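K.L.:
What follows is the residue order along each chain.
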Amino acid sequence: MNHLSLIIKREYLNKVRNKSFIIMTFLSPLIMVGIFSLVGYLSQLNNDNIRIISVLDESGLFLNQFEDSEHLKYNTLTDVNLSEAKQLSEAAENYGLLFIPKVAHIEELSEAITFYSEDSPSLQIMADVENVIEDKVNAIKLGEAGIDAARIKELRLRVNAKQETFRGQETSKLGSVVKLVFGGVAGYLLFMFIIIYGNMIMRSVIEEKTSRIIEVIISSVKPMKLLLGKIFGTTLAGITQFLAWVILLGIFSVLISAIFGIDPSATQSPQQEMINQSVDGGFEEILRNVFMEVNNMPIANLVVMFLFFFVGGYLLYASLYAAIGAAVDSETDTQQFILPILMPLILAIYVGFFTVIDNPHGTVSQVFSYIPFTSPVVMLMRIPFGVPLWQQILSLVILFATFIGTVWIAAKIYRVGILMYGKKPSYKEIFKWIKY
Amino acid sequence: MEKLLVANNVSKSFGDYKALNDISIEVPKGSVFGLLGPNGAGKTTFIRIINQITMPDTGAVFLDGRPLEPNDIQHIGYLPEERGLYKSMKVGEQVLYLAQLKGLTKQEAKKRLAYWFDRFEIGDWWNKKIQELSKGMAQKIQFVVTVIHQPKLLIFDEPFSGFDPINANLIKDEILKLRDDGATVIFSTHRMESVEEMCDHIALIHKSNKLLDGKLIDIKRAYRSNTFEVGLLASEKDAIDKEIRDLFEVSSTLFKSINDELQYKIKLPSETSPNELVRYLTSKGQLNHFVEVIPSANDIFIETVNNN
Chain P
1 MNHLSLIIKR EYLNKVRNKS FIIMTFLSPL IMVGIFSLVG YLSQLNNDNI RIISVLDESG
61 LFLNQFEDSE HLKYNTLTDV NLSEAKQLSE AAENYGLLFI PKVAHIEELS EAITFYSEDS
121 PSLQIMADVE NVIEDKVNAI KLGEAGIDAA RIKELRLRVN AKQETFRGQE TSKLGSVVKL
181 VFGGVAGYLL FMFIIIYGNM IMRSVIEEKT SRIIEVIISS VKPMKLLLGK IFGTTLAGIT
241 QFLAWVILLG IFSVLISAIF GIDPSATQSP QQEMINQSVD GGFEEILRNV FMEVNNMPIA
301 NLVVMFLFFF VGGYLLYASL YAAIGAAVDS ETDTQQFILP ILMPLILAIY VGFFTVIDNP
361 HGTVSQVFSY IPFTSPVVML MRIPFGVPLW QQILSLVILF ATFIGTVWIA AKIYRVGILM
421 YGKKPSYKEI FKWIKY
Chain X
1 MEKLLVANNV SKSFGDYKAL NDISIEVPKG SVFGLLGPNG AGKTTFIRII NQITMPDTGA
61 VFLDGRPLEP NDIQHIGYLP EERGLYKSMK VGEQVLYLAQ LKGLTKQEAK KRLAYWFDRF
121 EIGDWWNKKI QELSKGMAQK IQFVVTVIHQ PKLLIFDEPF SGFDPINANL IKDEILKLRD
181 DGATVIFSTH RMESVEEMCD HIALIHKSNK LLDGKLIDIK RAYRSNTFEV GLLASEKDAI
241 DKEIRDLFEV SSTLFKSIND ELQYKIKLPS ETSPNELVRY LTSKGQLNHF VEVIPSANDI
301 FIETVNNN
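Protein sequence lines, in the order shown, are assigned to chains P and X.
Its first residue numbered 1, the first sequence is counted upward by one per residue in the working numbering.
Its first residue numbered 1, the second sequence is counted upward by one per residue in the working numbering.
Since the hints were made in silico from the structure, they are not lab data.
Keep in mind that this is a model prediction, so the values were computed, not measured.
Please note: incorrect hints may appear among the correct ones.
Partial chain X-side listing against chain P, Cβ under 8 Å, derived [to be verified]: (1) Asn51; (2) Ile53; (3) Ile73; (4) Tyr78; (5) Tyr86; (6) Gln100; (7) Leu101; (8) Lys102.
Where a beta carbon is used, it is the ideal one built from N, C-alpha and C, also for glycine.
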């Protein structure tokens with residue numbers, strides 16, 4: 001067997017058999033499912049509360065205007081003054097008291113209504129209450145002006161603009177959200193992967209230094225081979241763990257919802273809300289639209305590019321992590337060197353989640369999708385919105401050229417660094433190593 | 001004599017620091033070659049060049065008459081001064097892995113490992129992790145790792161550090177046995193007693209330069225100072241003592257003796273023959289003890305280093 005595959009095999013088995021690795025593989029999905037279940041459970045609990053709001057309507061305009069809903073009941077008070085009403089609703093532990101004073105002109109209502117409550121009321125409830133009042137007041141005012149409110153409602157037209165590219169491809173607001181989710185997940189996955197497994201590579205290099213086996217190893221193999229073997233072996237272990245997480249996450253969610261009857265997916269994420277808001281209609285229709293949108297996306301392009309950018313981006317950062325590991329003696333010394341690596345990565349995530357969402361093909365998005373340290377994340381987020389193939393390939397070429405460059409530099413640092421013990425090197429010294 | 005390893009004018013600098021300056025060394029086949037020098041002299045750098053861990057700036061190294069090439073690592077076994085193994089890896093797996101990196105097949109490695117485990121009586125360590133072993137036990141494993149691929153050239157950097165006297169002896173015997181089986185040994189150490197015991201050739205490196213090299217016995221001949229240790233039984237002790245001190249360059253010495261005698265170390269001028277000294281001494285009393293003082297490797301080491 002040749003050296004590289006031997007090293008890859010050892011690194012892989014060593015990682016996979018490691019106790020903490022095994023524990024984390026099983027524990028992480030369990031914790032994740034547990035947290036989501038808990039949140040789901042708690043938000044269900046919260047919703048089960050029925051809130052009662054007392055209404056003291058001295059104007060008499062809003063009789064029976066407030067309709068009870070599942071979680072919100074209105075209790076109309078009569079024949080009491082304001083201070084009595086306050087006492088009453090506080091004693092009854094009501095959620096709040098809505099006070100509508102008697103006014104001479106209906107316009108005065110816009111400022112005169114007060115909501116009393118124990119703490120600050122929820123925004124949602126305030127909005128509901130205000131809507132009811134506004135509707136009624138506007139209806140009255142329209143009536144005073146001789147306009148039939150019901151007639152206006154009939155005549156109102158809702159606009160839902162269709163979106164289409166010049167080349168005739170249909171797009172939609174929902175589509176943007178779906179693309180965003182795709183790109184976001186891809187970018188975030190890469191980000192996590194780099195941080196978790198980059199660190200693992202770094203630790204494994206440091207381990208060889210501190211255990212001093214490194215000199216025995218490199219009297220048998222070239223440092224470059226060891227470096228590559230480490231990166232590939234750890235990456236394979238990482239992929240194994242990721243796959244295990246996906247599978248276990250599925251199994252655990254099914255188990256937990258079967259046992260406790262909690263649906264972790266009941267926890268509404270902002271994305272889901274965006275989807276809900278962008279489409280009118282039932283859940284099934286949303287689902288169908290989502291599938292349609294997914295079908296509309298350049299799936300093959302997405303998958304292939306995902307693989308290339310993921311691999312390229314990961315390898316680029318992994319080689320830097322390995323170089324850091326070679327340069328220092330212990331993990332505590334790594335901070336100073338990790339920060340400059342993390343900065344472009346975090347920048348990429350920020351650019352991705354703020355700029356790309358706002359304008360996928362703007363100047364900033366474009367520039368950052370060529371810079372190799374940010375391109376994997378940013379380009380992955382841009383691709384679902386449609387990026388010309390030549391741009392993708394150009395970005396990939398830059399990425400892989402830089403990867404070869406960083407591996408070369410990392411190998412230089414690695415070669416010198418692994419045999420350096422004692423003091424923590426400065427940046428200046430590391431530059432000197434590269435020149436050796 | 002046939003040379004296994006030849007280094008020609010090897011120089012190596014790290015930045016402004018010159019670690020090796022024009023070093024040439026010839027290691028005869030089947031010898032135990034002592035590479036001596038104070039700390040920081042450049043020994044480790046030189047050994048790393050032989051192992052192709054670092055490349056020389058100028059000069060070349062030949063193994064068996066051919067320039068060193070990457071494949072030669074399988075003919076070299078190297079025990080670094082900084083010992084180390086993967087702490088969380090099991091002994092058996094670890095040795096197999098390292099042996100395979102040296103080019104053995106798995107089956108072959110297993111067979112030879114069984115031999116060594118048997119020889120050191122450590123067969124039950126196979127499934128232990130290195131971190132469960134004591135330092136001395138781990139050193140034995142490291143020794144096995146160094147020799148398992150039956151290299152032509154063995155390089156030991158301070159091989160006895162960390163061993164108790166019994167195990168140090170065991171390792172010494174193993175090294176000599178490997179030499180007898182045809183291996184050539186390069187041996188870097190500060191411990192001069194092991195140099196005396198084991199080395200037949202030495203080279204002394206100091207401050208990046210080679211100060212001397214050759215057969216140990218030739219070097220000793222060159223460093224002999226015509227000095228003799230004598231024990232003289234005489235009746236008029238004080239008078240003779242004064243006379244001898246006036247006549248010769250004398251330093252005091254102490255050796256075990258059952259006689260109440262005068263003991264000296266006498267350094268003769270280089271043109272004077274010891275026979276003359278013997279004649280003089282026997283005329284003064286009974287000569288019980290007459291030995292040439294042979295410079296120890298230790299003396300040569302200190303003298304050479306201090307003179308430079």
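K.L.:
Now tell me, hint by hint, if it's right for this structure.
P.N.:
Quick rundown of the hints versus the structure:
1. Annotation: Asn51/X was flagged as interfacial toward chain P, and the flag holds, the nearest CB pair being 4 Å apart, inside 8 Å.
2. Interface hint status for Ile53/X: upheld, as the beta-carbon distance to the closest one in chain P is roughly 5 Å, under 8 Å.
3. Taken as an interface hint, Ile73/X checks out: its beta carbon lies about 6 Å from the nearest beta carbon of chain P, inside 8 Å.
4. Below 8 Å, beta-carbon pairs count as interface contacts, and Tyr78/X has one with chain P at about 5 Å; its hint therefore holds.
5. This hint holds: Tyr86/X has a C-beta 6 Å from the nearest C-beta of chain P, less than the 8 Å allowed.
6. Satisfaction of the interface hint for Gln100/X is found here, the shortest Cβ-Cβ separation to chain P being roughly 6 Å, below the 8 Å cut-off.
7. The interface hint given for Leu101/X is met, as the beta carbon of that residue sits about 4 Å from the closest beta carbon of chain P, less than 8 Å.
8. Given hint, Lys102/X at the interface with chain P, holds; its Cβ is 5 Å from that chain's nearest Cβ, closer than 8 Å.
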